[in-house]
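Bring the two chains, given one by one in their own frames, into a single complex with the hints.
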Amino acid sequence: MEKSKLTDPFEKARLETGLGEMNDQNDPVTMLLRHKDVRKSAHNYKTFQSGATPGRIVIPSEVDIRDTRQIPFEVDPPEHKDYRAIIEPWFRRPLQAEYEKKLTAIITSIVEHALTKESIEVVTEFSLPLQSNALTLLINSDASEAETWISWGTHVFRSEGEALDGDKATVLYDYIENQIEEAINSPSENLFTKLVNSEFQGRKLTKEEIKGIMVLTFAGGRDTVINAVTNSIAYFSEHPESLQRIQKEPEIIGNAVEELIRYFSPLTQMGRVVTEDTYVCEHAAKANSRVSLCWASANRDEKVFENPNEIILDRKINPHVGFGFSHHNCLGATHARQIMRILLKTLSNKIQSIDILDYKENIEDLDQFKRKVGYDSIHVKFNPKTI
Amino acid sequence: MAKITFITSDNEKITLEGTTGSVMALAVENNIKGIDGDCGGVCSCATCHVHVTPENMAKTGEASEIEMDMLELDDNTDEYSRLCCQLEISDAIDGVVLKVAK
Ligand code: HEM
Ligand code: HEM
Ligand code: FES
Numbered sequence: 430m431e432k433s434k435l436t437d438p439f440e441k442a443r444l445e446t447g448l449g450e451m452n453d454q455n456d457p458v459t460m461l462l463r464h465k466d467v468r469k470s471a472h473n474y475k476t477f478q479s480g481a482t483p484g485r486i487v488i489p490s491e492v493d494i495r496d497t498r499q500i501p502f503e504v505d506p507p508e509h510k511d512y513r514a515i516i517e518p519w520f521r522r523p524l525q526a527e528y529e530k531k532l533t534a535i536i537t538s539i540v541e542h543a544l545t546k547e548s549i550e551v552v553t554e555f556s557l558p559l560q561s562n563a564l565t566l567l568i569n570s571d572a573s574e575a576e577t578w579i580s581w582g583t584h585v586f587r588s589e590g591e592a593l594d595g596d597k598a599t600v601l602y603d604y605i606e607n608q609i610e611e612a613i614n615s616p617s618e619n620l621f622t623k624l625v626n627s628e629f630q631g632r633k634l635t636k637e638e639i640k641g642i643m644v645l646t647f648a649g650g651r652d653t654v655i656n657a658v659t660n661s662i663a664y665f666s667e668h669p670e671s672l673q674r675i676q677k678e679p680e681i682i683g684n685a686v687e688e689l690i691r692y693f694s695p696l697t698q699m700g701r702v703v704t705e706d707t708y709v710c711e712h713a714a715k716a717n718s719r720v721s722l723c724w725a726s727a728n729r730d731e732k733v734f735e736n737p738n739e740i741i742l743d744r745k746i747n748p749h750v751g752f753g754f755s756h757h758n759c760l761g762a763t764h765a766r767q768i769m770r771i772l773l774k775t776l777s778n779k780i781q782s783i784d785i786l787d788y789k790e791n792i793e794d795l796d797q798f799k800r801k802v803g804y805d806s807i808h809v810k811f812n813p814k815t816i
Numbered sequence: 003m004a005k006i007t008f009i010t011s012d013n014e015k016i017t018l019e020g021t022t023g024s025v026m027a028l029a030v031e032n033n034i035k036g037i038d039g040d041c042g043g044v045c046s047c048a049t050c051h052v053h054v055t056p057e058n059m060a061k062t063g064e065a066s067e068i069e070m071d072m073l074e075l076d077d078n079t080d081e082y083s084r085l086c087c088q089l090e091i092s093d094a095i096d097g098v099v100l101k102v103a104k
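Those protein sequences? They're chains E and F, same order as listed.
Residues in the first sequence are numbered consecutively from 430, following the working numbering.
Residues in the second sequence are numbered consecutively from 3, following the working numbering.
With the rest of the complex left out, here is chain F (with noise of 0.2 Å):
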């Protein structure tokens, strides 16, 4: 189980649980404003780009190449950005706070 914060671009603050799947399904189930997951999480939309807060950088990691480069194009992109259909829920990412890109 992992709990895990959104943080939506008019500050909005909602915190979920999840147990598998990955965050992008989790935040599109519950209406997380800003992400879509377009593409059903296969890399190919950047409809469920995150801004991790640094402090959590470690538990997440950094983006895979595959998804640098899909990043690299998309708006207000950082050090900080991943696409969260690649985030795996497990207790490794428990209490992770996510800013929403959009």
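Looking at chain E on its own, in the form it has when it is part of the complex (with noise of 0.2 Å):
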């Protein structure tokens, strides 16, 4: 059961001080490790606040190698709830029977094709094309659209062996651009010609703020969706038993999906800008230093969680925080839990067992941690029910 386990490297210091301390391109980010702490700080915005410099709320900074604000993500109340009003209605549309039923379509197809393989690389043969083919929902555009987000690979903004890459990142931003020239010109029923005609305090949304918007739909949904899938399989492959009480007990799986987001953390921490001087667990924050509000450690919080470092399926209270917490929280979550469900739900019906070949895992370097977020590259090989 070692391969598919993410373990919790911050538990001695979320039990001793709290914190931890990550040197990040010279901008420090004293990192908040408890349940408590993190829920707290999210909801106070006017001390530890989103709206900073663009860019540097993220970690590693992204300060260096962009200028465009991300919206919502990179906006404080109250304009952030202005922002989030205008596209709220439109994220909830996963919950649209028709919508649940291309999803569906797309997810079993996927999962069909994977049966006819001996061999299967996970992250990019089969997660990297459910999150693009998926994302078309989303946006509601053309589902031949996903060939080209799949050919930008996992990373978008990074090369081989790069943290940041500024170069890489523009074939996102130009291809968003010509997108939204597109929905100027020859409008659609899309996301981006909605953005188009959307106002904003009773004026239209500015190109760069559609961009802000469009370009966080495209990054925030990708690596986190592709780490939640990736490892999902994993936990199945050692745990086939839980795919066969799935199929039995399918009323578990709003439950279960909370747990293995919970468990998984795919987006591991997202910083904040201190505004004024303040205190973290009796330790002095400087006003314009940078916290982070550390979503995996909080998610094995030992006060709040009954075992913590256990995937209980059908665990009933579970205040995870894997979707962020108050103010910012995902707004792709809708979408994400949608994929995770029936995800599940088709695993457990089509799937007897997962045979894990080989695997390299990505871990994070987070200075003081070093995290397992999920797999550079894992293969398995699908074996289907024979009854």
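Since the hints were made in silico from the structure, they are not lab data.
Note that CB positions come from ideal geometry on N, CA and C, so glycine has one too.
There are no misleading hints in this set.
To list a few chain F residues with every Cβ distance to chain E over 12 Å, as calculated:
id : residue
1  : I9
2  : E57
3  : E81
4  : D96
Here are the simulated DSSO-like pairs of lysine-lysine, each with C-alpha atoms no more than 30 Å apart in a straight line:
id : chain 1 : residue 1 : chain 2 : residue 2
5  : E       : K469      : E       : K745
6  : F       : K35       : E       : K633
7  : E       : K810      : E       : K546
8  : F       : K101      : E       : K469
As structure tokens, then:
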């Protein structure tokens, strides 16, 4: 049961001081590790702000590689609320029956394709196509757009071996700028057109704002979904009994998805900039320094979760922060939850077992901590249900 | 069987009947405005926040500690606040009236 395990590197520091330290490009980050502190600070946007220099709340910092402000992610209330109101109803479409039906068709065909192969690399041949095809539904674009997005590879923003790569990010920016022009010249039913026609505080959104919203839709939902899906496959390969249980008790799927998100925490942390001298865990935090809300550590907090390092599929009370907390909680969560729910259902109906052939772990280097977030690659064989 | 009445933020009054499951699930099935139940009832989203009318508090009881911690950071929480995914439908809560917080 070792291959699918994601250990908790934060335990000792969380118990002892509640804090971690990370030096990121000479702009150090104090990591908040306790569930209570993470939630409180996420809620307190006045002291812990998102609307800092674009890129600064992301870790590793993207200050040097972009100027576009991501919206609503890098905006604080009250403006944040007005931006979110524009897109929130759109991001709830995944609950519609028609959407669910199309998403089921996408996931079924990917699982069936995987069953025809002797060996399949999950990250690039399963999770990435699943993520990209599913995103065509969220954006309501032509299904064929997925081809373009898949061709970008798993890391749109970085070349092999480099943490940040500004040139690579321009591929995405160019694509988005073109799509905005197209939406202006020949309107359709997609999210680009919806934004071109939307108003913010009584005026049209600017192109720069539309870009800020769309880049976030592409970036925020890419690695996170890919990791959630890939980690799920690894987990089920070591726990075929869980697949059987889900098939017998589909009513636990909702709980199982929340539990997998808690355990995987596909987004490890997100930063905030401190606006006034304050204290976190009896430790001084200076104005204009950075803290991070470490969702992954909060989700293993022994004060909140019993047996935090175990996946308990039907965990009933599960106040996890895998999708963030408070104002900026994940806008893509409805979409991501639907993907995961349908994936679990489909796997449990079609798959008997999964064999891991070989794998390479993706370990995040957080200075004081090394955290496994998923896999760089993992080859598996899917075995069909025989009865 | 229990009758449960929801009062939405635009003062619409809807009475539903349920036998099992959570009050949140009943509300979501019937599209009660302001109750989304995003997390499916595991106490992680607070999109099922209601205010129990004071005279009904004895039936529902007060929020648990984990629920309180969640509510404490939600908008317009008071001593009558509950996350209705944590309210099980049973005869004990028959006739309860809940004001939707959002
Ligand atoms: C399992 C998959 C996902 C996980 C674990 C995840 C996690 C998170 C977390 C923790 C935050 C909070 C960030 C903060 O407080 O600073 C967040 C915000 C956000 N996520 Fe996700 N996410 C996922 C999928 C998606 C998808 C599919 C999309 C869209 C396509 C998306 C779009 C966003 C956006 C737009 C925000 C910012 C919301 C705001 O600032 O109001 N996410 N996500
Ligand atoms: C324009 C916006 C963004 C850019 C340019 C960007 C860029 C990057 C880069 C360069 C990496 C690789 C980091 C490394 O390996 O050292 C990365 C990883 C990641 N990003 Fe983003 N990011 C953006 C927005 C977001 C948002 C909004 C979220 C979530 C809400 C997110 C979630 C993640 C996650 C979970 C990883 C780790 C994936 C992995 O390495 O397996 N990103 N991003
Ligand atoms: S439904 Fe999420 S907290 Fe009640």
